[in-house]
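Undergrad: Sequence:
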Amino acid sequence: MSGTSRDGVDAALIKTDGLNAVEAVAFHFESYPDDLKAVIADACDLAMAHPQPVPSQTIDDCENLLDQRHFSAVATLLGTADVPVNEVAVIGLHGHTIAHRADLGWTWQIGKPEFLANRLNIPVMSNMRHFDVMFGGQGAPLIPVFHRALFSDASQPVAVLNLGGVANLTFIGTDGALVAFDCGMANALIDDWMGQKTNYPFDAGGEFAANGTVDQGVLQAMLDHPFFSAPAPKSLDRKDFNLNPVADLSAPDGAATLTAFSAKAVALGFQQFPVRPQRLIVCGGGRKNDTMLKMIEKYSGIPTVLTDDLGWDGDAIEAQGFAYLAYRCLHGLPITYPGTTGVAEPMSGGVLTRPNWIAAEMMPA
2 MSGTSRDGVD AALIKTDGLN AVEAVAFHFE SYPDDLKAVI ADACDLAMAH PQPVPSQTID
62 DCENLLDQRH FSAVATLLGT ADVPVNEVAV IGLHGHTIAH RADLGWTWQI GKPEFLANRL
122 NIPVMSNMRH FDVMFGGQGA PLIPVFHRAL FSDASQPVAV LNLGGVANLT FIGTDGALVA
182 FDCGMANALI DDWMGQKTNY PFDAGGEFAA NGTVDQGVLQ AMLDHPFFSA PAPKSLDRKD
242 FNLNPVADLS APDGAATLTA FSAKAVALGF QQFPVRPQRL IVCGGGRKND TMLKMIEKYS
302 GIPTVLTDDL GWDGDAIEAQ GFAYLAYRCL HGLPITYPGT TGVAEPMSGG VLTRPNWIAA
362 EMMPA
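For the sequence shown, the numbering used here begins at 2 and goes up steadily by one.
Calculated from the structure, these hints are not laboratory results. Treat the hints with care, as some may be off.
Pairs of lysine-lysine residues, derived as DSSO-like cross-links and limited to a Cα-Cα distance of at most 30 Å, are as follows [stated by the list, open to error]:
hint	residue 1	residue 2
1	K295	K235
2	K289	K38
3	K289	K235
4	K235	K38
5	K289	K299
6	K289	K240
7	K299	K240
8	K289	K16
9	K295	K113
10	K198	K289
11	K235	K299
Per label pair, the in silico range of CB-to-CB distance [as the list claims (entries may be wrong)]:
hint	residue 1	residue 2	range
12	L307	G106	33 to 41 Å
13	A231	E115	33 to 41 Å
14	D314	L334	38 to 46 Å
15	K295	E88	39 to 47 Å
16	V352	P85	48 to 56 Å
Note that beta-carbon positions come from the ideal geometry of N, C-alpha and C, so glycine has one too.
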């Protein structure tokens, strides 16, 4: 999978029963060159420019390039782990989201499952957001059921925060009850800002933000966006916010204000939980931004702990989660719930694509 940060593709190998047994086996990250990042950005702009998916050669070309990256990432992962393809039950292919319009009843991820299935001779589960959106759900976030498998604690309620391009929160009650939603932006706007104002692709460690001053007026104006007062479950597209509010700020002040915006959004998200969690477990690339973590603790009053400190690679969680979801879909287990996406009832999903030779063998004579 590749997330809204557009930095590369993550591939993870796990062992699981689709329930509570999960074992991390291997992880591989393959970075995107700058020219591919630009192609993906153009594809996203085109997809979001229309009220429904519209065919485009630019998007097709982007998908073809991503297919090659997906294949390379999985092949490298399996080679590094020394796992033969006949031992892999299924590949979970999230692909890359070029537009997410749950408000209009559609979501669009690119990456062809048949390409992977036939190149690797492994069945591929894809389109795991599609049915949830079709039946009235937000189609995001999808990973909360995986968070529950890893981090549920019968003694106290726990929250899990994924800081990718977009930030999403998962609340896990002592009874295993799930509440989840996108709570705001995480790294996406900060990365865009750094790309515009500096020679750096992101604010490493939050150093720029630490040397800037938060513009409280701009911050409050951004927090007045109706998204934050909307009830959960709710979801975001990367394009739902932009840099216009901070356009006149210096590079450090803009970084500080955008970081505060991400942190405040997390704190506001806690107000939609049924009870206050006792700890906040953080994963995703944003967990490496010390300034953001300090702001989150300051605004929320809840101590943070990194998934890495609990034995789980915070860079791999999302890809591991989609592997877990693929296995659940393979066995008809639910991946979304009323409390996580707003869908009416727990729902499985995904479309299974088998390699051509397997599909041919299954056809009636």
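Undergrad: Indicate, hint by hint, whether the structure satisfies it.
TA: Hint check:
no. : hint                       : in the structure
1   : K295 with K235             : 25 Å, holds
2   : K289 with K38              : 22 Å, holds
3   : K289 with K235             : 26 Å, holds
4   : K235 with K38              : 27 Å, holds
5   : K289 with K299             : 17 Å, holds
6   : K289 with K240             : 23 Å, holds
7   : K299 with K240             : 27 Å, holds
8   : K289 with K16              : 27 Å, holds
9   : K295 with K113             : 40 Å, violated
10  : K198 with K289             : 21 Å, holds
11  : K235 with K299             : 25 Å, holds
12  : L307 with G106: 33 to 41 Å : 37 Å, holds
13  : A231 with E115: 33 to 41 Å : 38 Å, holds
14  : D314 with L334: 38 to 46 Å : 24 Å, violated
15  : K295 with E88: 39 to 47 Å  : 44 Å, holds
16  : V352 with P85: 48 to 56 Å  : 25 Å, violated
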